[in-house]
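So the sequences go chain by chain: A and B.
Each residue of the first sequence is one higher than the last, beginning at 1 in full-length UniProt numbering.
Each residue of the second sequence is one higher than the last, beginning at 1 in full-length UniProt numbering.
To be clear, the hints were calculated from the coordinates, so they are not data collected in a lab.
Take these hints with a grain of salt, some might be off.
What the hints assert, rightly or not - Label pairs and their computed distance ranges (CB to CB): (1) A:P37 <-> B:Q243: 43 to 51 Å; (2) B:G24 <-> A:A304: 51 to 59 Å; (3) A:K31 <-> B:L376: 49 to 57 Å; (4) A:F64 <-> B:Y162: 50 to 58 Å; (5) A:D35 <-> B:R181: 30 to 38 Å; (6) A:E129 <-> B:H34: 42 to 50 Å; (7) A:F64 <-> B:H34: 48 to 56 Å; (8) B:F64 <-> A:S240: 50 to 58 Å; (9) B:S23 <-> A:K420: 50 to 58 Å; (10) A:A304 <-> B:L308: 22 to 30 Å; (11) B:W384 <-> A:K15: 35 to 43 Å.
Claimed, not checked - Pairs of lysine to aspartate or glutamate, EDC-like flavour, derived with a Cα cap of 16 Å: (12) A:K114 <-> A:D137; (13) A:K193 <-> A:D183; (14) A:K130 <-> A:D100; (15) B:K385 <-> A:D22; (16) B:K193 <-> A:E168; (17) B:K118 <-> B:E87; (18) B:K193 <-> A:D100; (19) B:K118 <-> B:D91; (20) B:K130 <-> B:D22; (21) B:K356 <-> A:E87; (22) B:K88 <-> B:D63; (23) A:K193 <-> A:D205; (24) B:K193 <-> A:E87; (25) A:K193 <-> A:D174; (26) B:K193 <-> B:D239; (27) A:K385 <-> B:E55; (28) A:K193 <-> A:E157; (29) A:K88 <-> A:D61; (30) A:K193 <-> B:D239; (31) A:K356 <-> B:D239; (32) B:K193 <-> B:D183; (33) A:K118 <-> A:E87; (34) A:K193 <-> B:E168; (35) B:K130 <-> B:D146; (36) B:K385 <-> A:E87; (37) A:K130 <-> A:E157; (38) B:K88 <-> B:D121; (39) A:K193 <-> B:D208; (40) A:K385 <-> B:E310.
Predicted model only: the values in this text are computed from it and were never measured.
Beta carbons: idealized from backbone N, C-alpha and C, even for Gly.
Spelled out from the first residue to the last, the chains are:
Protein chains: 2
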Amino acid sequence: MAEALEVKHAQRQLKAINQALDSGRFMHVRKTIHDMPACDIALLLESSPSKSRTELWDMLDADFYGDVLEELSEDVRNGIITQMMPEKVVDALEDMEIDDLAETLSSLPQSVSKDVLKSMDEQDRQRAEKALSYGEDTAGFIMNTDAITLRSDVTIEVILRYLRLKGEIPESTDTFYVVSRNDTLIGTVPVTKLLTAMPDSSIEDIMDEDAEAIPVNMPETDVAKLFARYDWLSAPVVDSNRQLLGRITIDDVVDIIREDAEHSMMSMAGLDDEEDTFAPVLQSTQRRSVWLAVNLVTALLAAAVSDLFEATLSQMAVLAILNTIVPSMGGVAGNQTLTLVIRGMALGHVSAGNSKWLISKELAIGFFNGAIWAVLIASVIAIWKQDWMLGGVIAFAMMINMIAAGLAGATLPLVMKKLKIDPALAGSVILTTITDVVGIFAFLGTATLLLV
Amino acid sequence: MAEALEVKHAQRQLKAINQALDSGRFMHVRKTIHDMPACDIALLLESSPSKSRTELWDMLDADFYGDVLEELSEDVRNGIITQMMPEKVVDALEDMEIDDLAETLSSLPQSVSKDVLKSMDEQDRQRAEKALSYGEDTAGFIMNTDAITLRSDVTIEVILRYLRLKGEIPESTDTFYVVSRNDTLIGTVPVTKLLTAMPDSSIEDIMDEDAEAIPVNMPETDVAKLFARYDWLSAPVVDSNRQLLGRITIDDVVDIIREDAEHSMMSMAGLDDEEDTFAPVLQSTQRRSVWLAVNLVTALLAAAVSDLFEATLSQMAVLAILNTIVPSMGGVAGNQTLTLVIRGMALGHVSAGNSKWLISKELAIGFFNGAIWAVLIASVIAIWKQDWMLGGVIAFAMMINMIAAGLAGATLPLVMKKLKIDPALAGSVILTTITDVVGIFAFLGTATLLLV
């Protein structure tokens, strides 16, 4: 029995390897990574700056290339592959399972993937092109074609004899599929049922005829939702004629579930999901600049709104000092609503059926939030600046902006989804623009009317 | 063969049920939900406002209570259970698997869970108290005790006869565990290997002696990382003497992986992970107010910094108008870095071994970002306000703040982790405070020195 596992072990190992690299003890590093499983080598590469990454890759046995590439995240994998010779890439990809191969090829720059496809042998190329033809992010793209199929009229005894002859069953097999003569899926048999069934019973007697199948063109996020909801370990994939094409296993779905959940967080900060923490400086600077450019426009827009009130501001400097409070509170409240609605949509809780209720709920919260923080900020300002009128003005602006924030936070993602724009990506920028503009208008506008 | 599945179907059903509820067609609703699987009923409850939730729950057969409760998220489940009579709760929880039972009990208010435990029969109570004793969020808490154990000296033939007699194998069983006389785990046998092995070979011949086991006190997030990394479907749980205590299956781990990934996004917006999208208005208002209170203090702090420059602001209203641009850009850049580092830590990529490299990388990006946006904003302001000197001042402040943002975004999560504070929770507030204060100081301070 192996040592009980410790996650910290991996981190210590990482540190040791980095120190060994720095001090030039390459033999030691080579020996260490030779004994590591592929997933740990992948973690090591992902945790290393790009310079050490190249050094580590060069020390790796070519036999391991495929296994390690399979485990790497897109950005890191592409960085490594584009530096390899096409023939070496072909060697590395040869042993990959078909779903991993398709994913790897589709994420490579087109010129590289073309080169790789060209250097493949006929059969592999056909398999790869077939998987690619289903389109990225569909069930067909993430399925494997190694499902074991059975006929319904044979007995358990015969199946067992056949399996013992075959000697090996593909990894993560928990279910066998029963197909008719023309490969139509007619039922499923869990592996465990073969163990408990009497030898003389036939597959027909023990198969589940109601098992559900995934259409080959279903988007992968929907596939992931079904797996999570029904606790599946694997599921068959069929075409529109119910012909069995392959199977999807939970290990690939776990990655999709994690990526989907991460996607919202990364998008809301204006980052690419696959952004590599240890990418070179210039590449990272460039990737993040889109978001900063959008924000600059937003910030200038807010400044332009303030600019309308220049006369007011030059008469009362105190307004300039307090001008950021109302927009800031509206931004936070609106982002809370936005985040909650985006998550609700991802979990399948929010849809057309209950969106009206949700918007009125968030409006009500905005109203209560507005009332609470209006009273509080009015008191603080009245005491700090000894001006009750000023307190009243900021309270009024707070009230208006909190209601606007609730309304915008709840409706924006719903509207954007209808327009087929990813709400996580653009939602928070648009929201902040709204709460900035409304907040400044409400505060400086009211002040101009009442105080100057 | 059942219809190929469609995710949209669930949403249409949801809408239809809500409409039926609104128009008082209760018999229709009762009939519809009677035919739905537990996970779909759970989704329906989670997607309904609290009023409809109670109505729907009352229409449900008591036999379904347990299965549906198991699938619900914490907040929604607690809302329902606290309105049920303790005896009914006990009935509902009776058939739950031990890991789900422990989770449900631990999330209930203490008074309710005490009542429930008291009403349970002796054996169930002991099982539940045992699971609770391992502590929430540990391997012991999420494991099941239904693992099938084998002895190493028996033949496959004997095992198969035993399994056929037994007739049923627990759900999600992909591996049998081989134990010695005192229940020490000595090996594992995949279910599929029993199918391919020759009948006269013994378990000893085919078992894997190097299979890894999870210590009972390992935190659940570490368990999830191991499952994701090694593509496990299940894993044995052992105590410090390597005695087998139970097993953890991938379906429970999938939930943990999703919750972990969601946790950062929700925390960064100041929301509780379990926050229920359809909770009553006042409950939601109260939950979100903590974050708004913190933000009010932050906003007032920023105002207080501006207040130091009141004399400058009253001389040049244009400074008031431009005062938000530099803090806003710093906030966005800093949050990008923060989000990336928090995700890197969650994936296990960022640790003490490479944190120095990471901080210098983010400093460099801050420097480049600063240079790019300084030139841009200087040009915009110089043209807009016809004042090159003002453009120079804002450019200088932008440079300073972008570097501060990179430094703060990279170091904050590392420092907070050392202090054992959740970086996702407090990180973005502290960061924004830093970028606000530095941005305002740099801009108004320089302006005071050079322009007034």
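Tested hints:
1. A:P37 <-> B:Q243: 43 to 51 Å: Violated, since P37 (chain A) and Q243 (chain B) (Cβ atoms, about 26 Å apart) do not stay within the stated range.
2. B:G24 <-> A:A304: 51 to 59 Å: 53 Å, holds
3. A:K31 <-> B:L376: 49 to 57 Å: Distance hint for K31 (chain A), L376 (chain B) holds at roughly 51 Å.
4. A:F64 <-> B:Y162: 50 to 58 Å: For F64 (chain A) and Y162 (chain B) the Cβ distance comes to about 41 Å; the hint is violated.
5. A:D35 <-> B:R181: 30 to 38 Å: 33 Å, holds
6. A:E129 <-> B:H34: 42 to 50 Å: 48 Å, holds
7. A:F64 <-> B:H34: 48 to 56 Å: 55 Å, holds
8. B:F64 <-> A:S240: 50 to 58 Å: 34 Å, violated
9. B:S23 <-> A:K420: 50 to 58 Å: Cβ of S23 (chain B) to Cβ of K420 (chain A): about 32 Å, so the range 50 to 58 Å is violated.
10. A:A304 <-> B:L308: 22 to 30 Å: Check passed, 26 Å falls within 22 to 30 Å.
11. B:W384 <-> A:K15: 35 to 43 Å: 51 Å, violated
12. A:K114 <-> A:D137: 20 Å, violated
13. A:K193 <-> A:D183: 22 Å, violated
14. A:K130 <-> A:D100: Distance ~13 Å between K130 (chain A) and D100 (chain A) Cα, so the pair holds.
15. B:K385 <-> A:D22: Since the Cα atoms of K385 (chain B) and D22 (chain A) sit roughly 52 Å apart, the hinted pair is violated (cutoff 16 Å).
16. B:K193 <-> A:E168: Distance ~8 Å between K193 (chain B) and E168 (chain A) Cα, so the pair holds.
17. B:K118 <-> B:E87: 10 Å, holds
18. B:K193 <-> A:D100: The given pair, whose Cα atoms are some 25 Å apart, is violated under the 16 Å limit.
19. B:K118 <-> B:D91: With a Cα-Cα distance of about 13 Å, the restraint between K118 (chain B) and D91 (chain B) holds, given a limit of 16 Å.
20. B:K130 <-> B:D22: This hinted pair is violated, its Cα atoms lying about 45 Å apart.
21. B:K356 <-> A:E87: Given that 16 Å is the threshold and the Cα spacing comes to 37 Å, the pair is violated.
22. B:K88 <-> B:D63: 11 Å, holds
23. A:K193 <-> A:D205: OK: K193 (chain A) and D205 (chain A) at ~11 Å, within 16 Å.
24. B:K193 <-> A:E87: 36 Å, violated
25. A:K193 <-> A:D174: Given pair K193 (chain A), D174 (chain A) holds - Cα atoms ~10 Å apart, limit 16 Å.
26. B:K193 <-> B:D239: 27 Å, violated
27. A:K385 <-> B:E55: The given pair, whose Cα atoms are some 52 Å apart, is violated under the 16 Å limit.
28. A:K193 <-> A:E157: Holds, because 13 Å separates the two Cα atoms, which is no more than 16 Å.
29. A:K88 <-> A:D61: 12 Å, holds
30. A:K193 <-> B:D239: The hint is violated at about 31 Å.
31. A:K356 <-> B:D239: Violated - the C-alpha atoms of D239 (chain B) and K356 (chain A) are around 52 Å apart, more than 16 Å.
32. B:K193 <-> B:D183: 22 Å, violated
33. A:K118 <-> A:E87: 10 Å, holds
34. A:K193 <-> B:E168: This hinted pair holds, its Cα atoms lying about 8 Å apart.
35. B:K130 <-> B:D146: Between K130 (chain B) and D146 (chain B) the Cα gap is close to 15 Å, so the pair holds against 16 Å.
36. B:K385 <-> A:E87: At roughly 59 Å apart (the allowed maximum being 16 Å), E87 (chain A) and K385 (chain B) break the hint.
37. A:K130 <-> A:E157: 36 Å, violated
38. B:K88 <-> B:D121: Holds, because 14 Å separates the two Cα atoms, which is no more than 16 Å.
39. A:K193 <-> B:D208: 23 Å, violated
40. A:K385 <-> B:E310: 12 Å, holds
This entry does not satisfy hints 1, 4, 8, 9, 11, 12, 13, 15, 18, 20, 21, 24, 26, 27, 30, 31, 32, 36, 37 and 39, going by the numbered hints stated previously.
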